[in-house]
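Protein chains in written order, with this note's numbering: chain A, 1461 to 2221; chain B, -7 to 460; chain C, 682 to 888.
Do not take every clue at face value.
Pairwise CB distance ranges (calculated) [to be verified]:
| # | chain 1 | residue 1 | chain 2 | residue 2 | range |
| --- | --- | --- | --- | --- | --- |
| 1 | A | R1673 | C | R713 | 31 to 41 angstroms |
| 2 | B | V122 | C | T706 | 26 to 36 angstroms |
| 3 | B | G10 | C | D702 | 27 to 37 angstroms |
Keep in mind that the hints were calculated from the coordinates and are not lab data. For glycine and all other residues, C-beta sits at the position ideal for the given N, C-alpha and C.
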Amino acid sequence: MPRPEHPTITFTIDGREVQAPENAMLVDAAKLGDVEIPVFCYEPKLGQPVGACRMCLVEIEGIPKLQTGCSTPVKDGMVVYTESERVKTAQQSVVEFLLINHPLDCPVCDKGGECPLQDITFGWGGGISRFIEPKRHFVKPLELSPLIAIDRERCILCYRCVRFSQEISEDYQLVLLERGAHSYVATFDGHPYVAPFSGNIVELCPVGALTSRPYRFRARPWDIEGAGSVCTLCPAQCNTTITVRDERALRVLARQNDEVDDGWLCDKGRFAYQSFHVEERITEPLLRDGGQLRPVTWERALTEAAAALKRAGEHSAAIVGGQSTNEEGLLLGELMRGALGSNDIDSRRAGALDLDLQRRLAEPTLQARVSDLEFAHAVLVLDADPVNDAPIFDLRLRKGIRRNGLQLAVASPGETSLDENARAIARYAPGAGAAFVRALCAELSGAGDVAALAQQAGSDAEQVKAVAALLRGGGGEAREIVVLWGERLTASPNADAGAQALLELADGFGMRSIEGAGLLEIPASSNGRGLREAGALPNAGPGYADSPSGRDASAIAEALCDGSLAALYLLGSDPLRELADRELWERALTGASTVVAHAAFLTEGIREHADVVFPAEVYAEKEGTIVHPDGRLQRLRPAIGRSGEVRAGWQVLSELSLRLGHDLDVLTATMASRKLFEAVPFYAGLTLEEISGRGVRWQEREAAAALPAPEQAEAVAGELASIDSVEAAERAGYRSVWDSAEVEFSPALEFLYPRRELVGG
Amino acid sequence: MASAAPPVLLFKDIDEPGLATREVYERRGGYESMRKALAMTPEQVLEQLEGSGLRGRGGAGFSMGKKVSFLPKGAMDKYLVCNADESEPGTFKDRELMQKTPHMLIEGIVIASYAAGANRSFIYIRGEYVLQADALDAALAEAREAGYVGEDILGSGHSLSLVVHRGAGAYICGEETGLLDSLEGKRGNPRLKPPFPANQGLYQGPTLINNVETLSTVPTIIAMGGAEYAKLGVETSTGTKLVSVSGHVRRPGNYEIELGIPSREIIYGLAGGPEVGRKVKCWFPGGSSSPVLKEEDLDIPYDFNSLAGAGSMLGSGAIIVVDDSTPILDVAMKTAKFYRHESCGKCTPCREGTNWTVTMLERIDTGEATPMDLEIMASVQEHIIGNCLCVLGDAMAMPIGSMIAKFRDEFEAHIEAARAKRTLGSDSALEAQGALEEPPGLLLASDGSGDQAPGAHDGAPGTHRGGA
Amino acid sequence: MSPRGWDVPADLEKDPATIPDPATTDVPQQLRESIEAHMANYPDRRSAALPALAAAQRLHGWCSPEAIEQVACVMSLTPAYLESVASFYDMLETSPVGRHSVYVCTNISCSLRGGDDLYESFVAAAGEDLDFNVRAFECLGACDIAPMASVDGVYVGPLTTDDVRQVLDDVKAGRDVLPDKQLARRLVADPHANAEEYPLHPPEGAR
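Here chain A stands alone, though its shape is the one from the complex (with noise of 0.2 angstroms):
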C-alpha cells in the first residue's frame, strides 16, 4: 500500500511563512514554525483528532469561526493566527473552563511539574479565576488497575485515555460513563483495567488523573533524570526513557521511535524495571560450597571458574540467553572457540538451523521493516501470537487495519489476540508450521495435493485456501505482503523444513522485489537475531561465517548427560526456565561437573545447579548493542548504576578469557562493540555514533553486500518429522515473554505472572 506522501507547502503564521509538509495539521505544522498551539486531546498516536478539548482554536484568514489546529490540514497559502485577541480570548477562556472542576492540588500531584495542564495554563490561561463556586469532590486517589490509580477530581475529560483503550489497544474495557460535566473514566461493574498496555494511559493523560501506582510519590521532576535506553525484555526491543534517582530507576516510559514501537509500551516494559532492584537480583559474585552458593570476591569466582573451564577445555559448553548483547555473545563465542576450543554455544531456543538457510533468511531485500506491518497490502502471522512474543507488534498490526485497510491473516496452533481483526485464520497442530506453509504454498501455486498436506499439518484445507486467498487478493496485481513469524517454525526437528517452505513462500509472492513487502521474523529471545549474527551459534561465526559445527542447546543437554561435555557457561540463562524439555535439563544440569552462571536473578536453575555465579547487568547497566527483529542495530547505555558488586559483561568475559590464556583485547564496552563491528562483515564501518538513538538497520548500509551469500544454489527441504513428536517439544519449548523473571520478581507485575500469557481485547 503506498504510503502516503505530502508535497512542501508554505503558510504563514503569526506573520512568518513557514514551510510544511501539505495536509498537516496546523498543530504539528506551527511547530516547524516555532509556534506553539496548545492541545489536550490531540494526541497523533491516537488517530484521527476529535476536537474535543478547543485548546487549539486558531484564527485562520477566510474563515469567520475560530479553528481547531489540531483538526485542520494546512494548506498552501493559509494564513494563520494563534496570537490574536480574539485567539487568546478562547484560549483563556478554555483554560478558565478546564480548572472549574480541576481540584489545583498541584503541590501533592505526581504530574506536577510534569504536567501540561499546568504548562498550558501558565502559557495560555487568563492568570485569575472567576470560578468562585465549591468544586466537585470525590474519593482520591483509587485503585483503577494494580498498576494504576485514578484521580478523578483532576480529570479534564480530554478523552485520550478512553481513546487509548477503544481505539489503539483495542480492549474496550476503559470508558466514559454518563454524560456532560457527570462524565467520568471507569471501567465496568468495578472490574480492573488490565490490559497487556494498560500502562500508556498513565503517559498519555496530561493530568494527574492517571497516575503509575508503582510510581506515586517516588520523585518530583527535579529529582529524577531521563536516561534513553532500549527494552530488552522482549524481541519487539521498544525504545524507552529511563527516570533515573538516586542511580534507581523508577519508571520507564515510551520513546517514540516510529520505526520501532509507534511510542507504546507494553505493561511489561514499563513495570518490570521493579525487578532491578529486588532481593532476587544476583549482586555479589557467589561460588558452591558446602550444597550453599555462598558469597566471594569477584577474584575467587574468576578464578574458580577458569579453573573449572580449563579442566572441561573443549568439553566445555555455553548458552547464550537472550537479552545477552550482540558484544557479550561475540566474546563468550571468541572465548569458547579462541579459549577453550568448542563449538559447542547456542543462542536459540529452537534447535541448530542449517547455515544455508540462515543466511538466505537473512537476505536483505528479504527483510520487512516494522512500519511495513502498517502500511503491507496483507500480513501473515504465522506461528506466533504478537502479543505474547512480541507484544509492541500487535498494536501495529490493529493500526494498519483500522486505519490503512490491511488485511491479516492468522495462521497458528492457537487461538491469537488478533483474531477477531483477521480476516482469514487457519489452526493447525502445534509444531506442524512448516506442514502448515507446505499446503499454503502449494495452494498458491497450485501444484501439491492441497488437502492431503493440510491435513498433515492438522489443518483444515478450507482454512487453507481462504488464507491463500486473502494473501492473493482479487486484483492479480503485485502486493506487498508481510509475513509476521514467530521463530518457532523453525524449531527443531523441522527447523529446515520450516525455513525451506518460508523461503518458498517469499518467493512465491516475489517478496524480492516488491517494496514493503518482506519477512519479518520474532526471534524466541529478545536479542535472538543480534546473537545469531554476532556468531553465538554451534554453526556459524560471526556475521554467518563457516565454522566447524557445534551442538546445539538440545545437544549440549544430551550431551551433559552422558558425561561427553563437562562445564556449562549460562549467559543471562536459566535452562530450567527457557529452554525445551526441563526434565532433561534438570539431568544435564546435576550431570555437568560445573556450572557457570553468568546471571541477573537467582531462578532455580542458577540456584540449584550453578558452582560459580557471576552477578550479571539487567539492560539499565549495560553497555553495548542489540539487533531488532528487522535488523535494526540499536543501543544500550548505562541507565542506571549497577547494583551492589556488578561488573559489565563484557569486562567479565575479557577477565575470564584472559585467565583462560585468550586475550579478547577487549578493555572498554567501545572496544567491544569496536571488535563486533569488525568481526560482523556487515556491519563494518558501523559506529556507536551512527546507532545513535534511533538506531540503525545494517541492511540499509552499503556493507550489508557482505552478508556471504548461500553456498547451495537452491535451499534444501528437510524431511518433516511427524507431529506427534514434536508436539510435545513444541510445549516445552515456547514461553510467552509474559512468563519472565522480570515479570515474576516486580512486585507490580506479580498479579500478572500467575496467567503466564495475555489475551487482548
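Take the given structure of chain A and dock chains B and C to it, following the hints.
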C-alpha cells in the same frame, strides 16, 4: 407573501381515521408521488427538489436539494437517515406526522433516496416516541409488503432498505453527527466536521440526513412540482411550515402556516395568545435554542431570514411563549439546566460552560450573587459561542445571552432582591423592597391550567383563527 | 449526589471485564433471539446496541451488570462498552428502578403550565412504592398537552395534580391510563387541517 387562505399540505386530512394505514393513505392519493418520481430520472427528481427551494425543517434550514446534490455519485453504499429525534424543547410537529401519516414520511424517504442514490435508510426516532415508532413500524411493514420498500421498487431498479431505529433519550442525538454515532451503536457524541456526513457519514459512507418534516414534504413537492411549491411562502423561505406553539398560549398545538406570515398571527391568531390580562414577556421563535424575542418583535414575519435578521432563528419552528407572570430567571434556569443535562461532555466549553451557567443562576436565585456575576455569566456565554465542537453549547449560550441582554434590569433586580432576602431573611423584607414585580424562584405553577375564559388579544388579525 | 461508580475503586480481585465467554454466560433464549434479530438489521452489529440494551432492560427491569453481560455476550462486545453506551441515554437505567416508568416533563413548556408541581405530586403520590420509577424528564415532545407525562410510554396530558392518583391507580390495576387524556386520541390543533367532515378538536371553549 402569505396568501389569505392558508394552504394545507402536510396536515391535509391529518385526522382522518385510518390515515396511518396504506389503504386510506393511498385512497387519499398517497404513493402517487413515488410512482411519479420513480418514472423520472434521479436527476429530474433532484431538479424538482432544488426548484422547490425547500429548506431543512430540522433547525439549520439548509437547502434540502443542495444537501442531496452533495452526495458523491457512483456505485457504493449510500445512506439516507431521517432525523426523527425530535427533542428540541417546544417541538412536537414531527410527532404528529409520524403518528398520523407515517406513509407520507416513508414515501418521502423512498423518493429522496432515489434522488440521492441511497440504498439504505434509517429513521432514527427518539425512544420516547413509542406510539409514533410503532406507527412507523406498522406502516413500514405495509410498505414492504406492497413492494414500496425493498428490492427493485415497482420495477424501477431502485432498491432501498429501511429500518426504524429507536433512540434511548438523548437530546444530542438530534445533532446530525451525534445521531450517526448513536445509530452506529455508540454514545451520541457529535463528530468533528469536516468530514461532513455527505462524504463520510454513517459507517463512513456518504449519508444524507433530513428531518421528518422535510422528507414528508417531498411527496407534495413531486405532486405539485418544485416550481409550484416555491410559489408558497416567501422567496428565501418557500412553502408551508409546521409550527409547534406552546407555553403561555391558550391553544397550544401544531399549526401549518405559510412561511412569512407575521409571528403575531401564529401566536395570537392561531394559538390564542396568553390568557386574558397577561402579556407576552418573551418568546422563543424556534425552540429553546433560539435567542428570545420580546413582545415588540411579534410582527416579524415568521420565516428563516426575517427571524435571523432579528437576531434569532426559525430553528425547528417551535414557538414557546412566556407571559409576564414568569420571572426571566426561571426561564433562564430551565433553559440552562436542560442544556447542562444534555451536554454530551465531549468538548470543554459546552460541558463546563453549561454547568457553570447553571451554578451561577442558582447563586442568583439563592441571593449569593452580585451584579458582577451577571457580567461573568454574559462573558461565559460569549466564550461558549462559536468555540464548541457542535451547536449544543451555542444553543444554551445564545438564548441565555439574549435573556441577559434583553432583561438585564430584571436580572439585576432579582440579584438585589434575592440578596436582600438572604440578608434580611424573610419574604416580607423582599416585598418591602419592592424590587421585584413577580415573586422570584417559582415558575408559574397554578395559573397555567388555562381555566380563564378566552378573551380578546391585542390586535391579532383573526384570519387564521379557525372556528372563531 | 455522586453518580454510581464515581467513588468506587476497582475490585482488584476481579478479572478484567473482557467479552463474556458464551460458554459460561447464560443468556435467556428470547433475549438472545431478539438481539440477534436487531443485529441483522444493520451492516455493523454494534448498531444494535440501543435496541439490544432496551430489550435487556425490558427483561431485567434495568441495565444491570448481568443484563449488560448478556448483551455483551450476544453482541461480542465488552460489557464496559455497553455500560458506557447505556449510561449516556436517559431511558436506559443503570441502577435499579421501579417497573413502571412515569416520566414527567419538567422542561420549559410544561413548567410554564405546572409541570414542576405535577412532578412533585407524582413523587409524593408514588411515595415509597417500589413499583414506580418517577422521573423528571426533559422535553418529551408533547407541549401541546402540557403539563404531561409519559406513563410506561403512553403520553397523557394535560394533567392536573388531581389526575396523579388516578394515573398511578390505572397503572397498578393494569388499566389503560386516563384514556381521555391520551395523546393517541388527540386531534391536531390546526383548525385548517381537516376537511369539513372531520370533527375539530379541541372544540372551541371546551377546555
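* **Hint check for C/D702 and B/G10 - Cβ pair distance inside 27 to 37 angstroms** => Distance hint for B/G10, C/D702 is violated at roughly 51 angstroms.
* To do: Given the hint of 31 to 41 angstroms, check if A/R1673 and C/R713 actually sit that far apart at their C-beta atoms.
  => holds, 40 angstroms
* **Supplied distance hint 26 to 36 angstroms, evaluated on CB atoms of B/V122 and C/T706** => holds, 30 angstroms
Violated hint for the displayed structure: number 3, the only one.
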